[in-house]
Amino acid sequence: MSLSIKMIVTTTALIVVTVVGSGLLNVINVRKTFDSTTEQQIQIYRSSRERSGEAFTPVFARAVEPALIDKGDDIPTRSLVKSTVTADTKGSGRGPDYDADGKTEYGLRFALVLDGNRNVVAHCFEDTQLKCLDEGTHPPVSGVLGVTAQAWDAALKAWETAPDPLVRVDFASGETKYRVFAYPVITGAPATAAAALAQDPGPRQGYVMLGYDQEPIAWFEASAEEAKSAAVRRAALYTAGVGALFTLIGLVLAILQGLSITRPIKQLAYRADQIARGDLRTRVEVKGTDEIGVLGTNFNFMADQIKLLLEQTAEKARIEQEIEVARAIQETLVPASEPVRHGTLEFAGFYEPAEQTGGDWWTWHELANGKTLIVIGDVTGHGIGSAMITAAAKAACDVARYVHGDDVTVTRVLELMNQAIFEAAKRRFVMTCFASIIDTKARTITFANAAHNFPYLFRAGGPGQGWLDANPGQASSSGRAEPRQSEFGSLMIRGNRLGDDPASTYEAKTTELRAGDVIVWYTDGIVECEGTSGEEYGEKRFRASVKRSSALSAGEMRDAISADAHSFFKDRPRKDDITLIVGRMS
Numbered sequence: 001m002s003l004s005i006k007m008i009v010t011t012t013a014l015i016v017v018t019v020v021g022s023g024l025l026n027v028i029n030v031r032k033t034f035d036s037t038t039e040q041q042i043q044i045y046r047s048s049r050e051r052s053g054e055a056f057t058p059v060f061a062r063a064v065e066p067a068l069i070d071k072g073d074d075i076p077t078r079s080l081v082k083s084t085v086t087a088d089t090k091g092s093g094r095g096p097d098y099d100a101d102g103k104t105e106y107g108l109r110f111a112l113v114l115d116g117n118r119n120v121v122a123h124c125f126e127d128t129q130l131k132c133l134d135e136g137t138h139p140p141v142s143g144v145l146g147v148t149a150q151a152w153d154a155a156l157k158a159w160e161t162a163p164d165p166l167v168r169v170d171f172a173s174g175e176t177k178y179r180v181f182a183y184p185v186i187t188g189a190p191a192t193a194a195a196a197l198a199q200d201p202g203p204r205q206g207y208v209m210l211g212y213d214q215e216p217i218a219w220f221e222a223s224a225e226e227a228k229s230a231a232v233r234r235a236a237l238y239t240a241g242v243g244a245l246f247t248l249i250g251l252v253l254a255i256l257q258g259l260s261i262t263r264p265i266k267q268l269a270y271r272a273d274q275i276a277r278g279d280l281r282t283r284v285e286v287k288g289t290d291e292i293g294v295l296g297t298n299f300n301f302m303a304d305q306i307k308l309l310l311e312q313t314a315e316k317a318r319i320e321q322e323i324e325v326a327r328a329i330q331e332t333l334v335p336a337s338e339p340v341r342h343g344t345l346e347f348a349g350f351y352e353p354a355e356q357t358g359g360d361w362w363t364w365h366e367l368a369n370g371k372t373l374i375v376i377g378d379v380t381g382h383g384i385g386s387a388m389i390t391a392a393a394k395a396a397c398d399v400a401r402y403v404h405g406d407d408v409t410v411t412r413v414l415e416l417m418n419q420a421i422f423e424a425a426k427r428r429f430v431m432t433c434f435a436s437i438i439d440t441k442a443r444t445i446t447f448a449n450a451a452h453n454f455p456y457l458f459r460a461g462g463p464g465q466g467w468l469d470a471n472p473g474q475a476s477s478s479g480r481a482e483p484r485q486s487e488f489g490s491l492m493i494r495g496n497r498l499g500d501d502p503a504s505t506y507e508a509k510t511t512e513l514r515a516g517d518v519i520v521w522y523t524d525g526i527v528e529c530e531g532t533s534g535e536e537y538g539e540k541r542f543r544a545s546v547k548r549s550s551a552l553s554a555g556e557m558r559d560a561i562s563a564d565a566h567s568f569f570k571d572r573p574r575k576d577d578i579t580l581i582v583g584r585m586s
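Numbering of the sequence shown is given in our numbering, commencing with residue 1 and proceeding in unit increments.
By construction, these hints were calculated from the structure, which means they are not laboratory data. Since this is a predicted model, take the numbers as computed values, not measurements. Every residue, glycine too, gets a C-beta built ideally from N, C-alpha and C. Mixed in with the good hints there might be a few duds.
Derived EDC-like pairs (lysine to aspartate or glutamate); straight-line CA-CA distance at most 16 angstroms [to be verified]:
1) 177 - 221
2) 177 - 215
3) 547 - 487
4) 426 - 501
5) 82 - 135
6) 71 - 135
7) 131 - 170
8) 103 - 115
9) 103 - 127
10) 441 - 346
11) 157 - 175
12) 177 - 226
13) 540 - 487
14) 426 - 500
15) 547 - 559
16) 575 - 530
Ranges between beta-carbon positions, derived for each pair [unchecked claim]:
17) 460 - 318: 51 to 59 angstroms
18) 428 - 312: 26 to 34 angstroms
19) 197 - 26: 52 to 60 angstroms
20) 406 - 321: 35 to 43 angstroms
All chains, full assembly: derive it from the sequences and hints.
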């Protein structure tokens, strides 16, 4: 088959497929529109019935309450039940609306009023004829009531599990479906499901139960299905007529286009075949500067480049997708940057990954009795792999809180995180971590460490009793050891990195805190990242920045420290993630 014939056949087939596809889409759209409209109207009908039942049942109960309390005359109650059941009947000559197709929309199909001992006071059921109880005594609920008796049994079962005194039951008898509402009549106390089920009536004066007919929903569905079928037929016929016309026009255009385009393409195909067979000296004869001429000139180059371009595009899309997933996950792991205050503790955090994703992570959780859990960690390296490990660490920390609740300890948090990271990374990644619980009432901090940088404890005015200091004491002239007059201490405790050994255990220490104390948790990124000269920021500059801003609030202090560090780094790329948490006791 020649190229021109193929083009004509292909173009015609494309037109036919397009027309048929458009027709199918049009038909599907019509069906969906009808289905959606039908569903919306049914939902509106159901909601209306539901609102009516929920609102009217308690009102009806209050209406019959005086007669149930009096226990003398049932005639007003029976009259009310009868008028209520027949009031909203429509169709077949009943009510204000006459239904020409002979269908009757009963609305409220039956109503039942029982006394406190569950005996029948009044009952009406509307069918082709209205059937009401005419006895003067109060007989028990029995099969004589038919559908109503079955609905009452269903309502009793519903009260066994429902917290609300107003129970709702979907009930079917044969092909007829009902929505039933039941409510106990209680005096002197709130109505409850327990009071409805109690054997001793007590303040219970009786019950009311209303059953609404749901059969109009089926009528509407059938009517909508007929209308939908008619609309689909009309759409199909219209699409077929328009499609036949466009197919004929397209066939003529395809013939003309095929004959005019295929001649130079055939020549190009012949030369391309020679090149494919290895005859690299063959050249395509270019007779013009139109698209065909450009195609012939660049054919060989494009053939080589297409495969390379597709491979690069697929790889780029895969990498971008992985990075996007990792970024989305990591955004949920780190708390917001707004300062937080719990009792006498105020703290604020800062997080900046070295790349689009990072291996640093921190979190906090409020515990009972004025306690706050703060955890900071640093996974080896940074990037997608490290970001995934921080997700495992976050999950393990949440599991520890879920399992142990407000009694969770810093050692248990690290042990569960250690197990999770070991199972997730198999030592390909490890994590340093520092967990601490601050008791704002007892003014203490309890902490455990997994090879992480020791947080600083800064106390304005110098050290005092119980002050932590990494430096040893100096001997005075009297020969007695005296503490150095240093404002900085460290929360010093050691432990294995998370993910190194699944059997690792961790110790905890507790240190007293004072009003004005500042605690600074950080990862090594802030002290190891380099400025424009290649020099690291360092612990000395970091401590100096903490000291300069020590009079500020936690949020202001965090901003001042991070701004000072960034002014040192300037535009030099970061070689590690930076995480900083500043806490202040008041």
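Okay, the hints, checked on the actual structure:
With a C-alpha separation of about 14 angstroms, the suggested pair residue 177 and residue 221 falls inside the 16 angstroms cut-off, and the hint holds. Annotation: proposed proximity of residue 177 to residue 215 holds, straight-line Cα distance about 6 angstroms (limit 16 angstroms). For a cut-off of 16 angstroms, the pair hint linking residue 547 to residue 487 stands: about 9 angstroms separates their Cα positions. The hinted pair formed by residue 426 and residue 501 meets the criterion: a straight-line CA distance of about 10 angstroms does not exceed 16 angstroms.
A threshold of 16 angstroms between alpha carbons decides the hint, and for residue 82 with residue 135 the separation of about 14 angstroms falls inside it, so the pair holds. Distance restraint check for residue 71 and residue 135: the Cα-Cα separation of roughly 15 angstroms lies within the 16 angstroms cut-off, and the hinted pair is therefore satisfied. Taking the CA atoms of residue 131 and residue 170, the gap is about 22 angstroms. The hint is violated against a cut of 16 angstroms. For the given pair, residue 103 sits about 35 angstroms from residue 115 by alpha-carbon distance, which is inconsistent with the 16 angstroms threshold.
Proximity of residue 103 to residue 127 is assessed by CA-CA distance (about 12 angstroms); at most 16 angstroms being required, the pair is judged to hold. Taking the CA atoms of residue 441 and residue 346, the gap is about 14 angstroms. The hint holds against a cut of 16 angstroms. For the proposed pair residue 157 and residue 175, the alpha carbon gap of about 22 angstroms is over 16 angstroms, so the pair is violated. A threshold of 16 angstroms between alpha carbons decides the hint, and for residue 177 with residue 226 the separation of about 22 angstroms lies outside it, so the pair is violated.
A threshold of 16 angstroms between alpha carbons decides the hint, and for residue 540 with residue 487 the separation of about 13 angstroms falls inside it, so the pair holds. Of the pairs offered as hints, the one joining residue 426 and residue 500 holds, with about 8 angstroms between alpha carbons and a cut-off of 16 angstroms not exceeded. For the proposed pair residue 547 and residue 559, the alpha carbon gap of about 14 angstroms is at most 16 angstroms, so the pair holds. For the hint pairing residue 575 with residue 530, the CA-to-CA distance comes to about 8 angstroms; that is within 16 angstroms, so the pair holds.
The given range of 51 to 59 angstroms is respected by residue 460 and residue 318, whose C-beta atoms sit roughly 53 angstroms from each other. In this structure, residue 428 and residue 312 meet the distance hint of 26 to 34 angstroms, their C-beta atoms being roughly 28 angstroms apart. For the hinted restraint 52 to 60 angstroms between residue 197 and residue 26, the CB-CB distance of approximately 57 angstroms keeps it satisfied. Take residue 406 and residue 321: their Cβ atoms lie about 40 angstroms apart, and the range 35 to 43 angstroms holds.
The structure fails to meet hints 7, 8, 11, 12 from the earlier list, while all remaining hints are met.
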